[in-house]
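**Q** Sequence:
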Amino acid sequence: MINFGYTLSKDRQIDFDKADRRIALFVREHEPSFNICFACGTCTATCSAGNFTEMNLRKIMTMVKRGYVADVRKEIEQCMLCGKCSLACPRGVNTRNVIRKINQALELYAL
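Per this note's numbering: the sequence shown = residues 1 to 111.
Because the hints were derived from the structure by calculation, they are not lab data. You may find that some hints are simply not true.
Here are the simulated distance ranges between beta carbons [unchecked claim]:
1) Lys10 to Leu111: 20 to 26 Å
2) Phe16 to Asn51: 21 to 27 Å
3) Ile36 to Ile2: 24 to 30 Å
4) Leu8 to Glu29: 39 to 45 Å
5) Asp20 to Gly83: 42 to 48 Å
6) Arg66 to Arg91: 15 to 21 Å
Under the rule of at most 25 Å between Cα atoms (straight-line distance), these lysine-lysine pairs were calculated in the BS3-like manner [stated by the list, open to error]:
7) Lys65 to Lys84
8) Lys74 to Lys101
9) Lys18 to Lys65
10) Lys59 to Lys101
11) Lys10 to Lys59
12) Lys84 to Lys18
13) Lys74 to Lys18
14) Lys65 to Lys101
15) Lys74 to Lys84
16) Lys101 to Lys18
17) Lys59 to Lys74
18) Lys84 to Lys101
19) Lys10 to Lys65
20) Lys84 to Lys59
For glycine and all other residues, C-beta sits at the position ideal for the given N, C-alpha and C.
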């Protein structure tokens, strides 16, 4: 076989049938403002914890919405629940409560 100097990348499509959507459904039920987040990144830009750690609230919310919850607990533990992200959110998402509800759901489903 001829080597053309490139390789095929791993498939990156999302299989929603295999994703664990229980956390997202729990958060949507208990904090309706979670639905209106469009991941603009304002919360991440104003995050106090994000200045000192790799805390990224936009990444957390996107992972939960997509059903990738394996690494969410490690990310959420870095949150200081200061509430600056809630104040900065242009859509009025109660991000502080979203974090609390994600923690509750993780404990409820023992993930």
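**Q** Each hint: holds or not?
**A** Here is what the structure says about each hint:
| no. | hint | verdict |
| --- | --- | --- |
| 1 | Lys10 to Leu111: 20 to 26 Å | holds, 25 Å |
| 2 | Phe16 to Asn51: 21 to 27 Å | violated, 34 Å |
| 3 | Ile36 to Ile2: 24 to 30 Å | violated, 52 Å |
| 4 | Leu8 to Glu29: 39 to 45 Å | holds, 41 Å |
| 5 | Asp20 to Gly83: 42 to 48 Å | violated, 28 Å |
| 6 | Arg66 to Arg91: 15 to 21 Å | holds, 19 Å |
| 7 | Lys65 to Lys84 | holds, 22 Å |
| 8 | Lys74 to Lys101 | holds, 15 Å |
| 9 | Lys18 to Lys65 | holds, 13 Å |
| 10 | Lys59 to Lys101 | holds, 16 Å |
| 11 | Lys10 to Lys59 | holds, 21 Å |
| 12 | Lys84 to Lys18 | violated, 34 Å |
| 13 | Lys74 to Lys18 | holds, 21 Å |
| 14 | Lys65 to Lys101 | holds, 13 Å |
| 15 | Lys74 to Lys84 | holds, 20 Å |
| 16 | Lys101 to Lys18 | holds, 22 Å |
| 17 | Lys59 to Lys74 | holds, 12 Å |
| 18 | Lys84 to Lys101 | holds, 17 Å |
| 19 | Lys10 to Lys65 | holds, 22 Å |
| 20 | Lys84 to Lys59 | holds, 17 Å |
When held up to the earlier numbered hints, the structure conflicts with 2, 3, 5 and 12 and fits the remainder.
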